[in-house]
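> As given, the protein sequences belong to chains D and E, one line each in that order. Take the first sequence: its position 91, counted from the start at 1, is 91 in our numbering, and no numbers get skipped. Take the second sequence: its position 29, counted from the start at 1, is 29 in our numbering, and no numbers get skipped.
Possibly wrong hints are sitting among the right ones.
Here are some, though not all, of the chain D residues that point toward chain E, as calculated from beta-carbon distances under 10 angstroms [what the hints assert, rightly or not]:
#1 Gly-3
#2 Ser-7
#3 Gln-41
#4 Asp-86
#5 Thr-103
#6 Phe-106
#7 Gly-107
#8 Pro-108
#9 Arg-111
Don't read these hints as lab results, they were simulated from the structure. Glycine included, each C-beta is placed from N, C-alpha and C at the ideal position.
Below, each chain spelled out in residue letters.
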Amino acid sequence: EAGVAQSPRYKIIEKRQSVAFWCNPISGHATLYWYQQILGQGPKLLIQFQNNGVVDDSQLPKDRFSAERLKGVDSTLKIQPAKLEDSAVYLCASSLTHGQVGTQYFGPGTRLLVL
Amino acid sequence: SQQGEEDPQALSIQEGENATMNCSYKTSINNLQWYRQNSGRGLVHLILIRSNEREKHSGRLRVTLDTSKKSSSLLITASRAADTASYFCATDARGNAGKSTFGDGTTLTVKP
Numbered sequence: 001e002a003g004v005a006q007s008p009r010y011k012i013i014e015k016r017q018s019v020a021f022w023c024n025p026i027s028g029h030a031t032l033y034w035y036q037q038i039l040g041q042g043p044k045l046l047i048q049f050q051n052n053g054v055v056d057d058s059q060l061p062k063d064r065f066s067a068e069r070l071k072g073v074d075s076t077l078k079i080q081p082a083k084l085e086d087s088a089v090y091l092c093a094s095s096l097t098h099g100q101v102g103t104q105y106f107g108p109g110t111r112l113l114v115l
Numbered sequence: 001s002q003q004g005e006e007d008p009q010a011l012s013i014q015e016g017e018n019a020t021m022n023c024s025y026k027t028s029i030n031n032l033q034w035y036r037q038n039s040g041r042g043l044v045h046l047i048l049i050r051s052n053e054r055e056k057h058s059g060r061l062r063v064t065l066d067t068s069k070k071s072s073s074l075l076i077t078a079s080r081a082a083d084t085a086s087y088f089c090a091t092d093a094r095g096n097a098g099k100s101t102f103g104d105g106t107t108l109t110v111k112p
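From just these sequences and the hints, can you work out the full model?
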């Protein structure tokens, strides 16, 4: 079974530029999560999708971050414009179940550095 | 604020020793999960324990859950150098189904 795919693996941009990350979850997984992980901290949930609908985006900085999951499969996370404090690893995860949290399967992450 | 908090922040042991790390949380939960993260990699799910369970085993891993103290522990027996990683607990709070909240992790170093 293929795992969660993310691209790119690394990205370096200057502040005020835009950046987009892509995630392809495990086939058949209805729930998709985007997390932000700052160095030395645990993952912080940014947004959670159930199929192509948003379940939770309470911690997404909506003035600069946006995410979509078209057709309930792939998802993109965008930052526009980026700030220095957005430097972090962005993790995508998917799970089969919703309601009661099931096992989350994580991708390798995208490491973002904002200069 | 973080729902789960791991303790200690860092732990260094010799190969063959046991490693114990703890997780405390604030609100009632449906379940608690432990994940491992190797440096520069994504998280890997280790074990899930439900609120009505007290102990679970998986290979060299043993997880306990004490809902009265709102705490969990992860024991790794006979540690190996390959166990070197960060370990996170994630809680699924009751009434917040479908959302996991992670702590900041325990960094475990196993010296050969």
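> Look at each hint and say if it fits the structure.
Each hint, compared with the structure:
1. Gly-3: Where the cut-off is 10 angstroms and the nearest Cβ of chain E is about 8 angstroms from Gly-3(D), the hint holds.
2. Ser-7: With a minimum Cβ separation of about 13 angstroms from chain E (threshold 10 angstroms), the hint on Ser-7(D) is violated.
3. Gln-41: 5 angstroms, holds
4. Asp-86: Nearest chain E Cβ about 19 angstroms off; hint violated.
5. Thr-103: 5 angstroms, holds
6. Phe-106: With a closest approach of 4 angstroms, the Phe-106(D) hint holds.
7. Gly-107: 5 angstroms, holds
8. Pro-108: Since the shortest Cβ distance to chain E is 5 angstroms, the answer is holds.
9. Arg-111: 8 angstroms, holds
The structure is inconsistent with the numbered hints 2, 4, although it conforms to all the rest.
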